[in-house]
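Participant: What follows is the residue order along each chain.
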Amino acid sequence: MNLSVIIPLLLFLMLIFFIGLWSSRQLHASKNFLEDYFLGGRQLGGFILAMTMTATYGSASSFVGGPGVAYTQGLGWVLLAMSQVATGYFVLMILGKKFAIMARKYNAVTLIDFLKGRYNSKWVVITSALSIIIFLFSAMAAQWVGGARLIESITGLSYTSALFLFALSVLVYVIIGGFRAVALTDTVQGIVMFFGTLILLVATIIAGGGVSSIVADLSAENPNLLTPYGSNLDLTPSYVSSFWILVGVGVVGLPQVTVRAMSYNSSKAMHRALIIGTIVVGFIMLNMHLIGVFARPILPGIEVGDKVMPLIAQEVLPPWLAGIVLAAPMAAIMSTVDSLLLLVSSAIVKDVYLNYMKPDASNQRVKKLSITITSVLGILVFLMALNPPDLLIWLNLFAFGGLEAVFIWPIVMGLYWSKGNKYGALSSMVVGIGSYIAIDQLTTTPLFGMHTVVLPVLSSLVVYVLVSLFTQHKVTEHRF
Amino acid sequence: MDNNKNSDPRFKIAHREALIGVGLAIINFVWWYGFAYGLGDQAPEDYSYIWGLPSWFVYSCIGGFILMTILVTFVVTVWFKEVPFDEEEGGAE
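Residue numbers (our numbering), protein chains in the order written: chain X, 1 to 480; chain L, 1001 to 1093.
Okay, chain X solo, but in the shape it has when bound (with noise of 0.2 Å):
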């Protein structure tokens, strides 16, 4: 194997290790440990939010998979991408200003302590916290999965020393650093993705010959490669249309992305955070699936969709050159998973434990105890990672369109419509999570040509105003 790939990609990761270390010497001087911890201290400027965003969003089945897909479908897969741009500016906007005053008034640290405080409610707390530990810990863990096999893949070493050296990599920042050391290390990741796609795309361009070759040996091998429907024509304006809700707008329910939006110092950090999300979401979305399609022509006959990426790495560029640029999809798994394993540790420690087991335990305690979830948590993620049990595979499939259709409404529901009530609330996550593992059980093709997330979050919303205003009765209305 190449060791002038393998140094640069070494080189990124004690370069993030670094960060991480030296983020966590500000948490040693913490009074609030526990908001220091899990946010940030409400802190985070503007250039950084756009980037932790846009690089916990773009995970490895964005980075690694997506070009893949776009490899065998062509110009309509990046189309659908680009349905990604809208998360670039509408999570903050919805969300927005009342949630960041919400958030503040009812002192939240989590999305679920927002929930407790808008709800009150016991049930709507356990239920919220459940989804969370269960959906993200699979989602993680298949995070970690694809991490292994890029690293893998590119240097040759074994799939658990792989495993280990992604595992040791993220772990300790996020052990010892907390909320500021992953957002840091996000903007790290995301700067090395926004340019990372950028050298590809031109070096992949040229190789091929320019564009207009390039389209030119596309045409010549399928045509429909060239139109919106796919390679193979099955790619229908609804179905494509239905992701709009999945990776566009739906994203604003995630909590990995949701807990951002209560970690920003001012509205000034959100007015520039808004502008260069979108630009940055675009960008990338734009770049990293083109280099998917063109990399056809250059290379052909590529069997599986996670390697074109490394593939065409190698080929356009020198090595020491493709090392930093493989670098870019390493980054973007890490970005997600370093803020998947701090959310799952937040829900544990702060939603779990502190709301109803001590409630009155110290600042020392707080401290200690969420270092060790986190330690527990991480560990336990990479034994499973050693070899995935097939329930863990099972879950990751509910993990995204499943946690939007449980905290869609609730969230922004509960932000904006003062009659929404506890009631609501936990049929619509109820409903949601349950009609998505439904659909998805019982039908093979999907429902009206629309991706599975699009009932559930339909009927999740109508049960949330149903049942709200039969139980209006039952709770006095909310108070801003």
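For the record, the hints were derived by calculation from the structure and aren't laboratory data.
There may be inaccurate statements among the hints.
Unchecked claim - Once the Cα atoms are required to be at most 27 Å apart in a straight line, the calculated DSS-like pairs of lysine-lysine come out as:
| # | chain 1 | residue 1 | chain 2 | residue 2 |
| --- | --- | --- | --- | --- |
| 1 | X | Lys122 | X | Lys105 |
| 2 | X | Lys105 | X | Lys358 |
| 3 | L | Lys1012 | X | Lys98 |
| 4 | L | Lys1012 | X | Lys268 |
| 5 | X | Lys268 | L | Lys1081 |
Stated by the list, open to error - Far from chain L by the CB rule (all over 12 Å, computed), these chain X residues:
| # | residue |
| --- | --- |
| 6 | Phe17 |
| 7 | Glu152 |
| 8 | Gly449 |
Glycine is no exception: its CB is placed at the ideal position from the N, C-alpha and C atoms.
Fit chain L to the supplied structure of chain X, relying on the hints for placement.
Facilitator: Okay, now just chain L, sitting in the frame of chain X:
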């Protein structure tokens, strides 16, 4: 979206901005869908090309992205208002 009269004046700004967000997403979607399936719905050999790429793709994906960047920058700098987040400085009741 109706709120009690004595509610926080910052919420009026927040509600307006959330609605702007919904408006932007609708514009984004219509542009994206209209160009992709409006121009892309013909035999590939009849496509016109810009910068070597099919024109539906350039308008929908690249143009749409540039449009949204401009719109977001515009609404944020012109329409969005800065509000304090902390209770003591904020519009107390």
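Participant: State for each hint whether it applies.
Facilitator: Now the hints, each set against the structure:
| no. | hint | in the structure |
| --- | --- | --- |
| 1 | X/Lys122 / X/Lys105 | holds, 19 Å |
| 2 | X/Lys105 / X/Lys358 | holds, 22 Å |
| 3 | L/Lys1012 / X/Lys98 | holds, 9 Å |
| 4 | L/Lys1012 / X/Lys268 | holds, 18 Å |
| 5 | X/Lys268 / L/Lys1081 | holds, 9 Å |
| 6 | Phe17 | holds, 33 Å |
| 7 | Glu152 | holds, 33 Å |
| 8 | Gly449 | holds, 14 Å |
Figure legend: structure checked against the earlier numbered hints; every hint is met.
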